[in-house]
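Please work from the sequences and hints to get the whole structure.
Sequences listed follow chains A and B, in order.
If you read the first sequence in full-length UniProt numbering, its first letter stands for residue 1, the second for the next number, and so on.
If you read the second sequence in full-length UniProt numbering, its first letter stands for residue 1, the second for the next number, and so on.
Source of the hints: derived by calculation from the structure; they are not laboratory data.
Treat each hint with caution, since some may be false.
Quick look at which bits of chain A chain B covers, simulated, 3 or more residues with Cβ under 8 Å [to be verified]: (1) 375-386; (2) 395-409.
Here are the simulated BS3-like cross-link-like pairs (lysine-lysine), alpha carbons at most 30 Å apart as the crow flies [stated by the list, open to error]: (3) A/Lys271 x B/Lys141; (4) B/Lys80 x B/Lys27; (5) B/Lys141 x A/Lys331; (6) A/Lys386 x B/Lys141; (7) A/Lys386 x B/Lys110; (8) B/Lys153 x B/Lys102; (9) B/Lys102 x B/Lys80; (10) B/Lys167 x A/Lys386; (11) A/Lys386 x B/Lys27.
Please read these numbers as outputs of a predicted model, since none were measured by experiment.
Virtual Cβ for every residue (Gly too), placed ideally from N, Cα, C.
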Amino acid sequence: MNMQTAITMTAAETALVDAYTAQIGELPGEGAVLSARDTLLADLRKQGLPTRRVESWHYTDLRALLRSVPAVDPTAFAQQVDPLVAGSSVLAVLNGKAATKGAPAGVNVRSYADSLVEGVAAADLVERDADDAIGRINGSFVRDGFEIEVVEGTELEQPLELQLVQSAGQSHTRFPVTCGASTKAVVIERHLSVGDAPSLVTTVCDLILDEGAEITWIILQQQGDADSHLAQVNFDLGTNARLRLFVINAGGKLVRQEVHGVTTGEGSDFKLRGINLLGGETHTDVTFTLGHDVPNTTSTEIIRNVLLGRAKGVFQGQIRVAPDAQKTDAKMACNTLLLSDDADFSAKPELEIFADDVQCGHGATVIDINETQLFYLRARGIPENKARAMLVNAFVDEIVEELEDEAVIEPLEAIIAAWLETHA
Amino acid sequence: MLEIKNLHARIAEDGTEIIRGLDLTVKAGEVAAIMGPNGSGKSTLSYILSGREDYEVTEGDILYNGESILELDPSERAAKGIFLAFQYPVEIPGVATMQFLKVALNEQRKYRGEEELSTPDFIRRVKEASARLQINPDMLKRPLNVGFSGGEKKRAEILQMALLEPKLCVLDETDSGLDIDALKIVADGVNALRSPDRAVVVITHYQRLLEYIVPDSVHVLYKGQIIKSGDKSLALDLEANGYANIIDAAA
Numbered sequence: 001m002n003m004q005t006a007i008t009m010t011a012a013e014t015a016l017v018d019a020y021t022a023q024i025g026e027l028p029g030e031g032a033v034l035s036a037r038d039t040l041l042a043d044l045r046k047q048g049l050p051t052r053r054v055e056s057w058h059y060t061d062l063r064a065l066l067r068s069v070p071a072v073d074p075t076a077f078a079q080q081v082d083p084l085v086a087g088s089s090v091l092a093v094l095n096g097k098a099a100t101k102g103a104p105a106g107v108n109v110r111s112y113a114d115s116l117v118e119g120v121a122a123a124d125l126v127e128r129d130a131d132d133a134i135g136r137i138n139g140s141f142v143r144d145g146f147e148i149e150v151v152e153g154t155e156l157e158q159p160l161e162l163q164l165v166q167s168a169g170q171s172h173t174r175f176p177v178t179c180g181a182s183t184k185a186v187v188i189e190r191h192l193s194v195g196d197a198p199s200l201v202t203t204v205c206d207l208i209l210d211e212g213a214e215i216t217w218i219i220l221q222q223q224g225d226a227d228s229h230l231a232q233v234n235f236d237l238g239t240n241a242r243l244r245l246f247v248i249n250a251g252g253k254l255v256r257q258e259v260h261g262v263t264t265g266e267g268s269d270f271k272l273r274g275i276n277l278l279g280g281e282t283h284t285d286v287t288f289t290l291g292h293d294v295p296n297t298t299s300t301e302i303i304r305n306v307l308l309g310r311a312k313g314v315f316q317g318q319i320r321v322a323p324d325a326q327k328t329d330a331k332m333a334c335n336t337l338l339l340s341d342d343a344d345f346s347a348k349p350e351l352e353i354f355a356d357d358v359q360c361g362h363g364a365t366v367i368d369i370n371e372t373q374l375f376y377l378r379a380r381g382i383p384e385n386k387a388r389a390m391l392v393n394a395f396v397d398e399i400v401e402e403l404e405d406e407a408v409i410e411p412l413e414a415i416i417a418a419w420l421e422t423h424a
Numbered sequence: 001m002l003e004i005k006n007l008h009a010r011i012a013e014d015g016t017e018i019i020r021g022l023d024l025t026v027k028a029g030e031v032a033a034i035m036g037p038n039g040s041g042k043s044t045l046s047y048i049l050s051g052r053e054d055y056e057v058t059e060g061d062i063l064y065n066g067e068s069i070l071e072l073d074p075s076e077r078a079a080k081g082i083f084l085a086f087q088y089p090v091e092i093p094g095v096a097t098m099q100f101l102k103v104a105l106n107e108q109r110k111y112r113g114e115e116e117l118s119t120p121d122f123i124r125r126v127k128e129a130s131a132r133l134q135i136n137p138d139m140l141k142r143p144l145n146v147g148f149s150g151g152e153k154k155r156a157e158i159l160q161m162a163l164l165e166p167k168l169c170v171l172d173e174t175d176s177g178l179d180i181d182a183l184k185i186v187a188d189g190v191n192a193l194r195s196p197d198r199a200v201v202v203i204t205h206y207q208r209l210l211e212y213i214v215p216d217s218v219h220v221l222y223k224g225q226i227i228k229s230g231d232k233s234l235a236l237d238l239e240a241n242g243y244a245n246i247i248d249a250a251a
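And the structure:
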């Protein structure tokens, strides 16, 4: 029985429920898809948006933070832009609608709207757990996205860019991605916004890496100052699969990026590299869970945060090691450069270890500019303000450099430098 | 070129006095060696010359080309031509060596009202200087000093010195951690910079470096004062007999 007494819905909750009633006739999919949507929305209506009393949302009280939800704007217009890395294949999603299909050889793509209409998407539209607010909102309203298959053995020479451009209103998309055995690819999931109108963007990506797949997935989130961004990546790593996931947040008013993964094949390796550039009056949350479910798997997580203004940041990182997952090696670090007294960062690392022969560690530090490094740069004639800026840049560039591909590193470092210049 | 007059300085944090009435004059074109036992204030002196804020000058003055530099910050001193080759060059992950060199060169030029170097001109200069110092160009693509061996770090310091073309070079224990081959390369690099309008202050523990960089004058620093000055034979004397006699004589 639900013991909760009826609560008054917030403006955002009311807007979501009303939007569902208004849109239901036009959302793609019938039968099982429709009933999955109904279930998700019923849960949303019943539970409301999560508050700080829900453990996994303790530092991001979505109910308090999501003040309003912009209405769907059918007149909103957005255009595809040049890819981040010249020569990339671009799959664009403009205001929530899958627009072009420019898939390279060895990659099969179809619009997720088709999967919804055909009903095969119904199985996707479930909650991860009782606190899965992102899955619930996304699943209720999802209209499009891409279903992507990288065919076994394919090695992509150039990056594949998923380009999501939002000008106003709402967009809810999903990206089921299967990387076949022995595939190699760099995928850039890029979130852009045009104009000042507020928008709500939710995305869910489900990545499956088969045996020996080596994938670099870069999420570059550059939404506008008024935008809310709720995103989730779920991944499953097969035998000897390697996934490097870069999460770069350099925009948005309210951002929650969830990353949930499991290693289901021995010898698999996962790397999470996060860069949070946070300024103004914004709230950004990166929440990560990883289950080392089988023996001999490894992971490292490094999160670097730079905070300015009155920004608030959150990193929650949970690593679980299953009882028979011996020889797990997992290391997690969260380093924060607080450049403003009014900014605030909360880090919550968690290790749940049920195996005895494992190496696991975590560390969270708040650091300041290194005075010795600063003196060294100044002693070479670099003025103090410029030397400081170089060190802040270096603090995050060090993570970007791990990509080891100049064609990708250069535009990312330029974006970081520009962000720091504008905000510092 | 450099005149240090009755200099007193202490550690800013705890007030410990390190330099206690130091006098030293180095002329343009001169190579001056400063030797002294551990804890005599050698490294402190090099930091004070380059403007490190961990130290406070409480008395006396430092004149560079006749002007006091005490009010100048480290970057201004560098742009005016004072260069410190660090005993322990600092590793800066995330800053590529080439990028650092270019920013440093151009910031100094900007301060002096000179035009910035064009990229091809800059690259040509770096190539020439690094070839002379037998520096592998791949090293310059790496982050500054990160993963460099001891010898590579010292060579990188001399490379910076060659590119920045300072007027007053202060070498702080540049010989520490170098094998004999690396020592020769570094010494050659320094000797190549010797010129009538440039002065070099070599701070060292041992006579060894002075076999390769032959000084015009040698000064013994002890408890924050110069207690004896002489020519290069003083260094040989110290090597043979140690500091004890000189310290006793000065006491």
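Okay, the hints, checked on the actual structure:
1. Here the stretch 375-386 of chain A counts 11 residues with a CB under 8 Å from a CB of chain B, which clears the bar of 3, and the coverage holds.
2. For the stretch 395-409 of chain A, the assignment as covered by chain B holds, since 5 residues bring a beta-carbon within under 8 Å of that chain's beta-carbons and 3 suffice.
3. Annotation: proposed proximity of A/Lys271 to B/Lys141 holds, straight-line Cα distance about 24 Å (limit 30 Å).
4. The suggested pairing of B/Lys80 with B/Lys27 holds, with an alpha-carbon distance near 16 Å, which does not exceed 30 Å.
5. Restraint check: the Cα-Cα separation between B/Lys141 and A/Lys331 comes to about 28 Å, which is no more than 30 Å; the hinted pair holds.
6. In summary, the hint linking A/Lys386 to B/Lys141 is supported, as the alpha carbons are separated by about 21 Å, within the 30 Å threshold.
7. Straight-line distance between C-alpha atoms of A/Lys386 and B/Lys110 comes to about 13 Å, which keeps the hinted pair within the 30 Å bound.
8. Under the criterion of a C-alpha separation no larger than 30 Å, the hint pairing B/Lys153 with B/Lys102 is consistent with the structure, at around 18 Å.
9. As the CA atoms of B/Lys102 and B/Lys80 are separated by approximately 17 Å, the hinted pair is consistent with the 30 Å bound.
10. Annotation: proposed proximity of B/Lys167 to A/Lys386 holds, straight-line Cα distance about 24 Å (limit 30 Å).
11. Restraint check for A/Lys386 and B/Lys27: not satisfied, since their Cα atoms lie roughly 33 Å apart, outside the 30 Å limit.
Hint check: a violation occurs at hint 11 only; the rest are consistent with the structure.
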